[in-house]
Amino acid sequence: MYGRRSQSRSTGLFLVLCASMLLLAMLSEQSWAAPARGVAKSALAPFESAMTHVAANVDRVTAALGDVSALRAENQRLKTADEALRRQVVELNAAAKENATLRQALDFERSFGHRMVAAQVVGRGPDGFSRTLQIDRGTSDGVQPGMIVTTGAGLVGRVREAGPHGSIVQTLGDPQSRVNVFLSKSGLQGTVTGGPAALQLDVEHSLGIAASSGEWALTSGVGGGYPRGLVVGELASVTHRPSSTSDQALIAWVNDPTGISFVLVITDFVPS
Amino acid sequence: MKRLAAAALMLATILVQVTWAPRLTVAGVFPNLALVVVIAITWTGGVRSGMAWACVAGLMLDLTAPGPLGPHAVALLAGAYLTGFWTRNVDRASVLHPMLAAAAGTAAYSIILVAADDTLGLPVPPLGVAMQLLVAASVYNAVLVPVALLIFRGRQAGGPAIRASSA
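Just so you know, the sequences run in chain order Z and D.
Start counting the first sequence at 26; every next residue gets the next number (our numbering).
Start counting the second sequence at 3; every next residue gets the next number (our numbering).
Hints are supplied without guarantee of correctness; some may be wrong.
[Claimed, not checked] Pair ranges (Cβ atoms, derived): (1) D:Ala117 x Z:Leu232: 38 to 48 Å; (2) D:Ile153 x Z:His139: 41 to 51 Å; (3) Z:Thr105 x D:Asn91: 52 to 62 Å.
Everything labelled a hint here was simulated from the structure, so no lab data went into it.
The beta-carbon is built from N, C-alpha and C at its ideal position, and this holds for glycine as well.
Work out the full structure: start from the sequences and follow the hints.
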């Protein structure tokens, strides 16, 4: 008897709390509540930054055993250099493939000629359902929702929400992310979508031309959501589907989402 | 004072989840420490404590995620309620039951989170991807819950801080 009453009281409390939280969700979603929500979310950024700093220090201490730290630093330096070289190769390949007009439009340097804000990654999404990053720059630094986020290696994603001193970035790994790309060798066009393990590409067929592993995918600029020519990744594998109008491929993203520590926010590109 | 200390511990847990835990990604998921802690609190301190802390942890998680405040709190509440339902009907000393409760709680959390996001017009992953993540997260969290229970039972032996602080 007592247990039953206790259970129904718990159920009542559960329903009341759920209703309260859903009401809060609906209220905080309103446009008039957006500034307060942004401020509240920014409030956690300093704590996350501190925790990230502690994590980096702990990593450094543990890595010091057996000179792992030095090897890691050297590995990081070589990796950065390798990424830069690979990006240059991709740029050169892509530029060679395109005619003069397209090359002018592609002009990778132009994308890095944009005005940018450097930001530190201070946190990541709380679960696997949304692949997001939190950065320590917000509206007070000129960052606005919709802006494009990159690293020296290539495209990271887009700013989803911005508070005064912090922002949330939806990465390409997010299952809802969509980016139109073209391939560096074949010139074929397709759409990259996020996924739990790897980026996926649906690439259109063209007569006598097929996508192949090792090609690079760069943003095509189609749709106006991203500037043309940002490196997305390398085709790791391609599944040809003769009966379909498109092939499927897996893309090795140039940015390791778990390893990104700094990003660049392009502040003067307005997605259409 | 105890409540503040417990809230600070919960905040630290959330911060670890969004900074360190992603390094432990397996099959697309990483430990949901907030959910594991809420399940451990529910198992050791009762469903009311669990639901109270589910709200606190959920709102903290919502501060680190895109979208409005509330969806993670509702999802954690579902996990806590399901675990509470489980504790009334089984042997609490068993190791298997908390693991099963954690797996079921994670499934409830994931379903409610995706449904809440969908209801609020937020982007949700495709069904196949969501199922894959749900299964992987359920296994991952189920493995971690016995460890959390060991910690909480140790704390309770020293003093029931979480239970007392949420009463």
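Could you tell me whether the CB distance from D:Ala117 to Z:Leu232 stays inside 38 to 48 Å? 45 Å, holds
Determine whether the Cβ-Cβ distance between Z:Thr105 and D:Asn91 falls within the hinted range of 52 to 62 Å. For Z:Thr105 and D:Asn91 the Cβ distance comes to about 56 Å; the hint holds.
Consistency of beta-carbon spacing, Z:His139 to D:Ile153, with hint 41 to 51 Å: 49 Å, holds
Consistency note: the structure conflicts with none of the earlier hints.
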